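Number of protein chains: 6
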Amino acid sequence: MTLIRSMSTNEEFIGYYLVKEVEIKQTNATPPKEYLDLVLCDASGQVPAKLWDASPADKESIHPMELVKVQGVVQSYRERPQVKIMRIRKTNEADGVSLTEFIRSAPVSPEDLLNTIRSVIQQISDSDVRTIVAFCVRKVEDKLSHYPAAKMHHHAYFAGLAYHMVRMLEIGDFLCRQRPFLNADLIRAGIILHDIAKPEEMVAQLGIVTDYSMQGKLLGHISMASNWITEAAITLGIDLQSEKVLLLQHIVLSHHNLGEWGSPVQPQTAEAVALHHIDSLDAKMQMVEDALESAAAHEEWTTPIRGLENKAMYRHKF
Amino acid sequence: MTLIRSMSTNEEFIGYYLVKEVEIKQTNATPPKEYLDLVLCDASGQVPAKLWDASPADKESIHPMELVKVQGVVQSYRERPQVKIMRIRKTNEADGVSLTEFIRSAPVSPEDLLNTIRSVIQQISDSDVRTIVAFCVRKVEDKLSHYPAAKMHHHAYFAGLAYHMVRMLEIGDFLCRQRPFLNADLIRAGIILHDIAKPEEMVAQLGIVTDYSMQGKLLGHISMASNWITEAAITLGIDLQSEKVLLLQHIVLSHHNLGEWGSPVQPQTAEAVALHHIDSLDAKMQMVEDALESAAAHEEWTTPIRGLENKAMYRHKF
Amino acid sequence: MTLIRSMSTNEEFIGYYLVKEVEIKQTNATPPKEYLDLVLCDASGQVPAKLWDASPADKESIHPMELVKVQGVVQSYRERPQVKIMRIRKTNEADGVSLTEFIRSAPVSPEDLLNTIRSVIQQISDSDVRTIVAFCVRKVEDKLSHYPAAKMHHHAYFAGLAYHMVRMLEIGDFLCRQRPFLNADLIRAGIILHDIAKPEEMVAQLGIVTDYSMQGKLLGHISMASNWITEAAITLGIDLQSEKVLLLQHIVLSHHNLGEWGSPVQPQTAEAVALHHIDSLDAKMQMVEDALESAAAHEEWTTPIRGLENKAMYRHKF
Amino acid sequence: MTLIRSMSTNEEFIGYYLVKEVEIKQTNATPPKEYLDLVLCDASGQVPAKLWDASPADKESIHPMELVKVQGVVQSYRERPQVKIMRIRKTNEADGVSLTEFIRSAPVSPEDLLNTIRSVIQQISDSDVRTIVAFCVRKVEDKLSHYPAAKMHHHAYFAGLAYHMVRMLEIGDFLCRQRPFLNADLIRAGIILHDIAKPEEMVAQLGIVTDYSMQGKLLGHISMASNWITEAAITLGIDLQSEKVLLLQHIVLSHHNLGEWGSPVQPQTAEAVALHHIDSLDAKMQMVEDALESAAAHEEWTTPIRGLENKAMYRHKF
Amino acid sequence: MTLIRSMSTNEEFIGYYLVKEVEIKQTNATPPKEYLDLVLCDASGQVPAKLWDASPADKESIHPMELVKVQGVVQSYRERPQVKIMRIRKTNEADGVSLTEFIRSAPVSPEDLLNTIRSVIQQISDSDVRTIVAFCVRKVEDKLSHYPAAKMHHHAYFAGLAYHMVRMLEIGDFLCRQRPFLNADLIRAGIILHDIAKPEEMVAQLGIVTDYSMQGKLLGHISMASNWITEAAITLGIDLQSEKVLLLQHIVLSHHNLGEWGSPVQPQTAEAVALHHIDSLDAKMQMVEDALESAAAHEEWTTPIRGLENKAMYRHKF
Amino acid sequence: MTLIRSMSTNEEFIGYYLVKEVEIKQTNATPPKEYLDLVLCDASGQVPAKLWDASPADKESIHPMELVKVQGVVQSYRERPQVKIMRIRKTNEADGVSLTEFIRSAPVSPEDLLNTIRSVIQQISDSDVRTIVAFCVRKVEDKLSHYPAAKMHHHAYFAGLAYHMVRMLEIGDFLCRQRPFLNADLIRAGIILHDIAKPEEMVAQLGIVTDYSMQGKLLGHISMASNWITEAAITLGIDLQSEKVLLLQHIVLSHHNLGEWGSPVQPQTAEAVALHHIDSLDAKMQMVEDALESAAAHEEWTTPIRGLENKAMYRHKF
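Chains as they are written, first to last, in full-length UniProt numbering: chain Y, 1 to 318; chain P, 1 to 318; chain Z, 1 to 318; chain E, 1 to 318; chain U, 1 to 318; chain R, 1 to 318.
Just to be clear, a hint being listed does not mean it is correct.
Where chains are identical, the list cannot tell them apart; a pair therefore holds if satisfied intra-copy or between any two copies.
Said to hold, decoys possible - No more than 20 Å apart at the CA atoms, straight line, and that leaves these computed lysine-lysine pairs for PhoX-like: (1) LYS59 / LYS244; (2) LYS50 / LYS33; (3) LYS244 / LYS217; (4) LYS59 / LYS139; (5) LYS59 / LYS33; (6) LYS143 / LYS59; (7) LYS217 / LYS317; (8) LYS84 / LYS33; (9) LYS69 / LYS84; (10) LYS25 / LYS84; (11) LYS151 / LYS284; (12) LYS151 / LYS311; (13) LYS151 / LYS217; (14) LYS317 / LYS244; (15) LYS50 / LYS90; (16) LYS311 / LYS84; (17) LYS284 / LYS20.
Just so you know, the hints here were simulated from the structure itself, not pulled from any lab data. Fair warning: this is a prediction, and the values are worked out from it, not measured in the lab.
Just chain Y, same shape as in the assembly (with noise of 0.2 Å):
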């Protein structure tokens, strides 16, 4: 089968792919014809592909988010490839294929990185830390198994969020033994936190953002968590005024460290300062990690990378 990455021109293939929009649209011919208008996806990436002549069947068919096999060309429009559509049909059992081969995923399953998030809620040693952040996680519990931690920036696949979360998990360990005068309750139930209402900002399927919900676009993830961490101090009997609700509110709402990034305090604790700069590790060196991945092996670089001052990488063979 053709990964859609390696597909070049003039190349005819047959496979299968997850069908990532369609629309029908009419060519401008007199009289005009209808035709399919298709992105095709799998987990390498995704091509723009037409079904000149498409019959009703097929228009009743083939939906978004579902799986289709393909027998096309591979033709050049305006300088990148298109895939001219031959035959196309829905998948079936027998086919024995699953949406999620299809989509492009963390290396780690979500299962492991649910069990470690939750092991690592367990370790918490205050009580009322460990309760809210349970009380928080409980509120996205099943979308923390497949969310992205992004629309574009990074982690921008199934389980991004969990593995960021989890990927920083690991950084905050090895810092809390570097600079043991770090709280490691703190750091980690920050970890958790900082971004566990972005399920509730994002609207995603199969780790692809589609839009911000209306809740997202007015209060934002920092502001929504924060909220959170109200409501659980409230449901679970803590003190609003204690000085671990706010250290853990101060927490959520510095952690992009400056005002034009959107956070409305800057970090003034030791842990908020930790929180930031192992946020911003994790995200950058993923945003390389996941650029290199995404490049074609003999390309020397990849493709500019928004989040790092829109700077291409250079793949040394060194």
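With chain Y's structure known, arrange chains P, Z, E, U and R on it following the hints.
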């Protein structure tokens, strides 16, 4: 009695003043002598003052934020006026002076301001919005009668915050009449809630902010107010996900307009856009009015105003 | 008749529209065929349109900024609607349609707007200020009845500039009553003069700005208006050094507030500070109101508004 | 006679100096004593000075901007030199000293500078441009012989403005020869007009700016010069709409290049672009030259230069 | 022969052009047909072109950066001209045309430019400085005869870099005469060295930059030139710590003036300040001159110039 | 012995201190008296001190950067502590104190730090990279044992630079294990080289930076290190164009990440991105740790930290 704003060099005077600060210090003489280093103020301004030969009784009896009767002479020190105190004593009932005469205050009495605010709350037609607003106001009702709106920027005097609210409510009323598509409930609630957490963010006495609270520094009044709305909704049994709760939180969170000014989200409803501009209009006009009033009558230019690009204002004769 | 804002794909329609642009182009066929490429508009919006088989008569008779009767069908081209024209002809008197029905206009008639402006001029009590204002208004009186206030930013429609002035005068009136230390003559004159040179800065027809004039680009409306006040004073025999002339020029020069927004000086009088905020309040609120009105009724979010940090507005149901 | 730049601690000296500032102050002693607090200057720099036992005659006779003969000793106060005055008296004719020897001046005499400017005006071939330039120069002719070009930034000394003009005219001449497509009339007129209103923007005496005028603050020299060109054209009967008037105003308005540096429009003609760079080149090179000259000969580094990113200049020995 | 800048729609023409780009593409027809998609250019500009029925011989024989003879017709595609090719063939000797006629070039021949640079090097009086400059020039001597100074910003044509150097040397000469305190050796060396590494930073052919080199991206021409000076000094046995080596490196490192423009240090010698302004003056004036020349004679405004705040230039008739 | 950090007003004490600065000054008395103006320090902080009646012997014997025994009393001057010295003498061997006890130092001994660095160099597997690193370290080996990492920003104490390197090496090790696609040789070499030129950029004694060197100001440590790598490669016979040399120079040049922070290029390899974030993480965490340690134990807030948006850190009790 000599107003501080009108003191001229070499003038001798007797009068009542408020002790804003007082400290016992030592001269460099051998052996060193102790003296009292004070800041005196009245409603017209403030001036540094020295009591060079402080008796033990003086050191005992003079305290900050209390009224004193002073006989002194105005000297010039580093080109700024400084009072050399000849005699000083605490005031007593017989003097017939009261603290609030000696501090800068809003031009309307706290009682009238609070009554206006309370009556506007009653005009909010939606009962959920009305009770959320009332809940939050109740949290700071005592302080609202005397807190300033800011440390230095604007309305930095006794009852300045309530005065700012009331003036904004007047503008809000006008604007709702001029542009009926605006929702008057949201405008009123937004005006009352936008700075409602300031009395807990700042530490103030007699209208003078001396510091920010720990909570104020770690969370800021914007996020504090957002949390309070969450708390109000839970306490009052109002759905946290309801549009009205989100709209109130959105107005509060966005009222500084830009991230670099402390708002984690930007205004995205008509009322949030309106609130930001009402706030800005009232604050800037008050800065101008206060600066012109503080400047001596013969001065053509006020001192530079920080919130207005550090520009001085010209007092025209037109 | 089908409003452009309400056109839906595959719909056939007959109606009157304004030709905003028209050009003769060639297809890529061999031999190439000529067709008409148009932009049609009405008060609700605009849409591209093609007349694939244009007769010589069509090419002769269809001109920009004229009304046509069209029979066509709505197609989708690159996911945006496009009209395929079946029949088209110029309108005639018998059709009973007039240009101004087909363009976006201020909600108040130009006559009423100009009458308001004229009557406010009469309310200016200082005769020098009054005649300077009248002199400048006379320079653009014809254009003031139909010019927009800007190319795209705000009030970008027929009589938008006069409407902006009148609404600002309402706010100015309110503010002078709320803060009597403001000089009403300067506020009124400032409002009328601040954008008075825009009709000479921009080239517009039917409320649509097509370009900036050479003078507009080289001087800008701010400096043009300052020069006009100089010209008015010389013509009317008013001392160029008099405070009132300087105050008027200062208000005009400073009304964009910051250098990066085009003002060579920052506001330094109470009235100049007020004018900037009145201008800003009216412009921003109108952007919001217009964006909500332009969005289809079922849309929760408007298109992004450039003048408001490129944010879309949420149409709440509260 | 000891130059101020060369004074060293504990040195005793007798010499003539200019009194830049003088004030009667009181010591903190009981009873306080009056003393004279002065700033003395000569062409090489300035120094604070104290006359501890000032006689009534001293207090009467010493005035700012007058010459005095001083016997004193150099002390160190807060690590900076300060003169303790032993004897002081006003100079008289017999001393044979004149004010202009004691101030920093352009290295060319005012007469020569003005003659150069006048002769360049005569070289302008277009008579309208020539008479407009002459009209504006006439407005400030007296002040042009001695005004500085700025308060501190550059050419901040006697006749600095005229010197700046003349040096720019030299560069302009070179550039017109190197790039003949430039219009020499516009370059010459632009150079003479661009800062022509500075003498009315600033209040200066002996080359020292003490303040900005009211008009200078409210309009700024850029808009003032634009208004003057309008006034000149009206007075001389030149069409206000003619291209040549607009081009002159454009050069003046755009010469600070960016809005944040005070220009309401950006350069949009070849000559306007050239003028900005000629202005910048001359101002920056003069800052460097003046800083190197002011620094003591043995100093490797000058004091930081504000207009050059606050960098000190290294005096190399190459 | 028809110059590309003068082509008008529907015009038929025969002429010689340079093939800037060529690619074989497929139409969307069924079965798809192959066609040649080209960009043709001459010294006056460039235009896209299509050869719809490309023979196998055409596909073989047409290569980028070679000359062709073309018979074609000018069409309009998306409002921009596009050539439909009727006949095309490679040129041969008999045609008597040569590559350099068809590209944009500096107005002075490469030989003359290089001779000027070589003779200026001989004028450098300090032998260490002279040999360091010569060493660095030798590294890029071949490329210096034809490389542009930049990809798009300025002097983006054949021999543009050498032309930029020579014009700067003229300005440098003038400035050293006007301000004799400047060291002429450093000015000359600085001008020749400041962009000397550009030919290794960029990949260019016939004056057109197609990419940046790997070294260019990772180090940049500023640090490359600094390294070359180190290499030169070691090779030539000149002390790396000597002031002259540091001064040359400082001029190179600081010539972009600000960190955000790529300079790791800011100018801190008179010559470094001068160099930055000479560079800027020459680059900006050339942008203006080139833009005016590229614009059709009847156009009042050039296209916007990126390096000049994206402003178009007005071609006045004065 | 009384630590400077713990001194309280009016306390009398005897102890050993380091003289950080000392100067002979004169009082304003008539005749003026000479006194010694000192800054004393120990490992806990520093304090100004005065010896009012300095004997000639005192003036002779007290020198900066030497140890003294002091008997004194703590006074308050302008609200900050100041020591009035009663008796002072130089220390002698019998006192048994040594300089390094009295200065702020890294918490690990210089010997251990240097050993770690040397052993990490041995772990670099590529011999070219290893010898280049060793070459550069050798240039500053003496200074590396005691230089601070910066003047004030972070690690501003004895052996601070080596401590910063070693801590970064720990983080680098962790990161290479967490993300094996990173090249450990480049990470180690990058960490050791990135600030390697700082000891030549700054002038420091006992961990205190007193100035920047001429070379440091004109080139900066970033370009100096790049030049050193060039020098190392030439000396060691390694190809200057080899990828490994470029990669090392790229890491060094880009490690400040942005142009405005001093990097002429932005990170464009995985290791360069990693290095910047490792550097930032270690520097910021150390700022926090040092600030908390310097603050008196009872203080809830540290002094503001410049490198952290000038925010003070809250010392929580959680």
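Outcome of the hint check:
In the homo-oligomer, the alpha carbons of LYS59 and LYS244 never lie at most 20 Å apart, since the shortest distance is 57 Å inside one protomer and 41 Å across protomers. When the C-alpha separation of LYS50 and LYS33 is checked against a cutoff of 20 Å, the pair qualifies both within a copy, at 13 Å, and between copies, at 17 Å. In this homomeric assembly, LYS244 and LYS217 come within 20 Å of each other (Cα to Cα) only across copies, at 15 Å, whereas the closest approach inside a single copy is 28 Å. Proximity of LYS59 and LYS139 under a CA criterion of 20 Å is satisfied in neither setting, with 38 Å inside one chain copy and 60 Å between copies.
Within a single copy, LYS59 and LYS33 get their C-alpha atoms as close as 13 Å, which meets the 20 Å cut-off; across copies the closest is 27 Å, which misses it. Taking identical chains as interchangeable, the C-alpha atoms of LYS143 and LYS59 are never at most 20 Å apart, the minima being 31 Å within one chain and 54 Å between chains. For the identical chains of this complex, LYS217 and LYS317 are inter-copy neighbours only, at 16 Å across copies versus 44 Å inside a copy, given an alpha-carbon limit of 20 Å. When the C-alpha separation of LYS84 and LYS33 is checked against a cutoff of 20 Å, the pair qualifies both within a copy, at 16 Å, and between copies, at 14 Å.
Taking the shortest Cα distances, LYS69 and LYS84 sit within 20 Å of each other inside one copy (14 Å), while across copies they are farther apart (35 Å). Proximity of LYS25 to LYS84 under the C-alpha cut-off of 20 Å is found in both arrangements, the shortest distances being 15 Å within a copy and 14 Å between copies. For the identical chains of this complex, LYS151 and LYS284 are intra-copy neighbours only, at 15 Å inside a copy versus 29 Å across copies, given an alpha-carbon limit of 20 Å. Both within a single protomer and between protomers do LYS151 and LYS311 lie at most 20 Å apart by alpha-carbon distance, with minima of 19 Å and 18 Å respectively.
Taking CA atoms no more than 20 Å apart as the test, LYS151 paired with LYS217 passes inside one copy only; the shortest distance there is 13 Å, against 29 Å between copies. Proximity of LYS317 and LYS244 under a CA criterion of 20 Å is satisfied inter-copy only: 9 Å between copies versus 49 Å inside one chain copy. For the identical chains of this complex, LYS50 and LYS90 are intra-copy neighbours only, at 16 Å inside a copy versus 37 Å across copies, given an alpha-carbon limit of 20 Å. For the homomeric pair LYS311 and LYS84, neither the shortest alpha-carbon distance inside one copy (33 Å) nor that between copies (38 Å) is at most 20 Å.
With identical chains, the CA atoms of LYS284 and LYS20 are never at most 20 Å apart, being 27 Å at best within one copy and 38 Å at best between copies.
In terms of the numbered hints stated before, the structure departs from hints 1, 4, 6, 16 and 17, listed from lowest to highest.
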